[in-house]
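> So the chains spell out like this:
2 protein chains.
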Amino acid sequence: MSVVTSPPPVSAALLTDHYELTMVQAARQAGTAGRRSVFELFPRRLPAGRRYGVVAGVGRALDAIEAFRFDGAALAALEGVVDADMLEWLASYRFSGDVWGYAEGEAYFPHSPLLVVEGTFAEAVLLETVLLSVYNHDSAIASAASRMTLAAGGRPCIEMGSRRTHEQAAVAAARAAYVAGFDSTSNLAARAAYGVPSAGTAAHSFTLLHDTEVDAFRAQVQTLGVGTTLLVDTYDVTEAVRLAVEVAGTDLGAVRLDSGDLGLVARDVRAQLDSLGATSTRIVVTSDLDEHAIAALAAAPVDAYGVGTQLVTGSGHPTCGFVYKLVAREGADGELVSVAKRSTDKASVGGRKYALRRRSPAGTAQAEVVGIGERPEDDGDDRSLLVPLVAAGEVVGRASLDEARARHRASVAELPRAVTMMSAGEPVIPTVFEQ
Amino acid sequence: MSVVTSPPPVSAALLTDHYELTMVQAARQAGTAGRRSVFELFPRRLPAGRRYGVVAGVGRALDAIEAFRFDGAALAALEGVVDADMLEWLASYRFSGDVWGYAEGEAYFPHSPLLVVEGTFAEAVLLETVLLSVYNHDSAIASAASRMTLAAGGRPCIEMGSRRTHEQAAVAAARAAYVAGFDSTSNLAARAAYGVPSAGTAAHSFTLLHDTEVDAFRAQVQTLGVGTTLLVDTYDVTEAVRLAVEVAGTDLGAVRLDSGDLGLVARDVRAQLDSLGATSTRIVVTSDLDEHAIAALAAAPVDAYGVGTQLVTGSGHPTCGFVYKLVAREGADGELVSVAKRSTDKASVGGRKYALRRRSPAGTAQAEVVGIGERPEDDGDDRSLLVPLVAAGEVVGRASLDEARARHRASVAELPRAVTMMSAGEPVIPTVFEQ
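Protein chains in written order, with numbering that gives the first Met the number 0: chain B, 0 to 434; chain D, 0 to 434.
These aren't lab readings, by the way, just hints derived from the structure by calculation.
Please note: incorrect hints may appear among the correct ones.
Stated by the list, open to error - Label pairs and their computed distance ranges (CB to CB):
1) M420/D x V225/B: 48 to 58 Å
2) S279/B x S399/D: 54 to 64 Å
3) V386/B x D401/D: 43 to 53 Å
All residues carry an ideal CB built from backbone N, CA and C; glycine is no exception.
Using the sequences plus the hints, can you model the full thing?
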């Protein structure tokens, strides 16, 4: 997903760290760039206190792989970074390897091998930065969004955070929130690029623009119909609710509350709406909501939650800390050798990984089983987690957002019930390595 | 700044919330859309514990204003959002008003009027979402980056966080960090789009690709020269440093440490390098650094800091919480009227704002003076803060990144010395309203 602003667009292949290119140049000269290699994208842990994570960005990552080409402008921008021979190689670069990964919307746990990328060292290492960027951002948003939709317990959640994050991250955030169960977004680019349903109410500026609140309500109802959502907290809520029903009638779609003690105010407004006969008018609340505030409103007469800042910043965890590590590569004899860094505090587990979710006969998840070097055995009730995404350079694993939403619902539904607890806790299932 | 990936690019004007467009449609039908209006972009407060903030994104915001047009694809995407009459109006939309703002790199405080946007309601409200997105993101990064460069006390800081944030936010983050004193970035798109100097070392995967560590070092030195930075913590640091100097000689540019107790290891490595005669070889440290970790390494023999996650996530504060509020608008009589929301917990101060930094005769900042409705009086040593950015729709306030860097240095240098304290504290100068 991308958006045109000036300065002129830059090739997707430049969404990359300087060292990826210089490493490939060095490996090419050393004769090692063509060694078959397996990279793995995975989390060492969940953010502190989180019980599960949710994978998002898979579709965007596939877009990035397809778009990862060095055009003339990109090559010109790389003069001084790499040498002429390397520029020539980059000009015909195209990922021709294989990728397997968790499906978009899937739950994940510490050490889940979310992506397995196999190709030559050169072609696979070049994708490191952009794959991590997409996964670290989108999954952070989806992981927070999933907790919010669980806390909302079936009441719709509307994504409204565009203004609190980078303008293009906002588009990806709207998409990721939708994967994790949000119903709609305020972001029009997400509507245009991904078909996420968009929705909106009105801002305080609209009320303030008019000479009186009733003028503002009349203007809005006139053009958007009585089904619209009127913002009722610019001046006095009780008076505004009275005016809103006076202007729109008892078929008024909804009112929005954006300040004050939302639970208390919602109760008063519900009673007032009911007493005015507007029994089907819904109450939408906004104002720095997160999963905890949403859960705290469970008993309040609230019909929908608009979530902004805390959604687009991952509710305290704006990035997932995924890493992309070389876990195996061809040796001088042509055989694949497992490799891993030995540093004490950041050691990795070498070897190609496979993964399945172990489930009880009743279908409840029991463990994240990661096989090293070979597939873990399916006990009959288990579910394999790695699906083919790219085969010989061709994208083969594209899923629709509806499929990702369905995957998210099913994946979370089979987790132990502790997944719905908003308090800090351990991952709801353990990760087990099998060799 | 923008980057091409599939799906196809979306017009910059869609980086907007749904309600901005429906509000304009309603105001147009009510005859109020053309009322002259003044919007203000400002922070209600600094993030908890922060002593100052730094404005960034000004240049990107000007880019966004210039690119904010609805092309055919954008209009097609808006069918179902607004009516045909509104689509026709959008087709010729172009901001024709005036904008004043703080210069890029300037320090800011609670209620600093960072942007003042004047135009018709319709043209000014449409910019709300994208202006907030750019300012909230870029200033969060610059505010964190500024503390890091202060903590580094003149030692170079390298931005390396691309992989931990949205791929296009990464480009803006590299730019914002550069404004706030970082020396370079790993991000090649920031180099291409904005001319930020790029730099890189090597990853553990490069060492692991080769049969031995010495093979990897030889390959890197061969292509990048002895001035390169060798990563020495893949296996055993002492052995790696020995090999590094053996391969590159005593003119080796630098070694990088990415794990362990960085202060302790840096001391050992410095002693070892010196004993090997590599007295000018520098030590670069990376590994989840933030401003506190940087400050804690002040006494260690470290020559440069590579900062990733904590930079691109604003070191605990990934967004600034800036808001964009209507503060004045034309009334039925054609006169400009101050307006403000009255909600108890989110009240705003109505009226057009002016700002200056009150300074002592010695040039030390003493207060952020915000004038309501008129310019505060300059005591002779003060500095006016609002500069013209857009006049009658034309960008007039474009500054280079070098100018923004100079502005940042000068602005921070005139703040009280408590600005260098990394502990939590109050804003280093108070904000004073004058009426």
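> Next, verify each hint and record whether it holds.
Comparing the hints with the structure gives:
no.: 1; hint: M420/D x V225/B: 48 to 58 Å; in the structure: 56 Å, holds
no.: 2; hint: S279/B x S399/D: 54 to 64 Å; in the structure: 57 Å, holds
no.: 3; hint: V386/B x D401/D: 43 to 53 Å; in the structure: 49 Å, holds
Figure legend: structure checked against the earlier numbered hints; every hint is met.
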